[in-house]
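Chains as they are written, first to last, in the working numbering: chain P, 610 to 733; chain C, 610 to 733.
Accuracy of the hints is not assured; some may be wrong.
The list makes no distinction among identical chains, and a pair is therefore deemed to hold if it is satisfied within one copy or across any two copies.
DSSO-like, lysine-lysine: derived pairs with alpha carbons at most 27 Å apart [claimed, not checked]:
1) Lys732 / Lys685
2) Lys685 / Lys720
3) Lys712 / Lys733
4) Lys720 / Lys732
5) Lys729 / Lys685
6) Lys720 / Lys733
7) Lys706 / Lys685
FYI, nobody ran anything at the bench for these hints, they're computed from the structure.
There are 2 protein chains.
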Amino acid sequence: MSNLSGHEREILSGKNFLFLATLNPDGSPQVSPVWVEAEDDLIVINTSRGRVKERNMARDPRVAVSAYNHDDPYNKIIIRGEVVEMTEEGAREHIDKLSQKYKGTPYPWMKPGDRRIIVKIRKK
Amino acid sequence: MSNLSGHEREILSGKNFLFLATLNPDGSPQVSPVWVEAEDDLIVINTSRGRVKERNMARDPRVAVSAYNHDDPYNKIIIRGEVVEMTEEGAREHIDKLSQKYKGTPYPWMKPGDRRIIVKIRKK
């Protein structure tokens, strides 16, 4: 059941960081902040092949995310989700797009060999 | 092995929200923002009996936390931890102390029957 509310969409569209919780191989939780956008009805982030969160999501699609309005921290969202797609296609362009949103510049931290990945999450 | 770094302590001592990831009964992750302080070498939060995060931590002490400096979001911490104590003792006073830190007033949202709980987390 799965549709993002207007409030969730608003927080995700703002310049707010998303805290993404994933599951480690031993079942313990991991959490870290990421850039985010809402696209159609999905929560979309961008990470790199080989990072803990990427390996975790490839193994187990169950995630949870939370964020607040940076200018009003008590205005927050808490969402359980499921990874429905992980793809390298268009991911270099996509990290630049997210960087433009958050930093106003193309992504400044690309490293040689960095394989970016778009991750799409559906609200459960 | 388990001691908070100066950097972690600094972020936890600032007026920054902590995103706390816990495990649901089905093993999926849950994450939500909380007030926090560092006390001795522990990460200390305050919640209420019966909330999802409280029930989750009582069942499985494995947690993960992350936060950033509100004035410098790229200055962040990511910590795996374990709940080592959950107690109601002193928890009413403690939520007022945290509220003073974050809001500058005693806790304004206490509800009748709200049983506050101090949760102490050790870095793994």
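Hint check results:
no.: 1; hint: Lys732 / Lys685; in the structure: both (16 Å within a copy, 26 Å between copies)
no.: 2; hint: Lys685 / Lys720; in the structure: between (33 Å within a copy, 20 Å between copies)
no.: 3; hint: Lys712 / Lys733; in the structure: neither (30 Å within a copy, 33 Å between copies)
no.: 4; hint: Lys720 / Lys732; in the structure: neither (31 Å within a copy, 30 Å between copies)
no.: 5; hint: Lys729 / Lys685; in the structure: both (20 Å within a copy, 24 Å between copies)
no.: 6; hint: Lys720 / Lys733; in the structure: neither (34 Å within a copy, 30 Å between copies)
no.: 7; hint: Lys706 / Lys685; in the structure: both (24 Å within a copy, 22 Å between copies)
In the structure shown, a violation is registered for the earlier hints numbered 3, 4 and 6, in ascending order.
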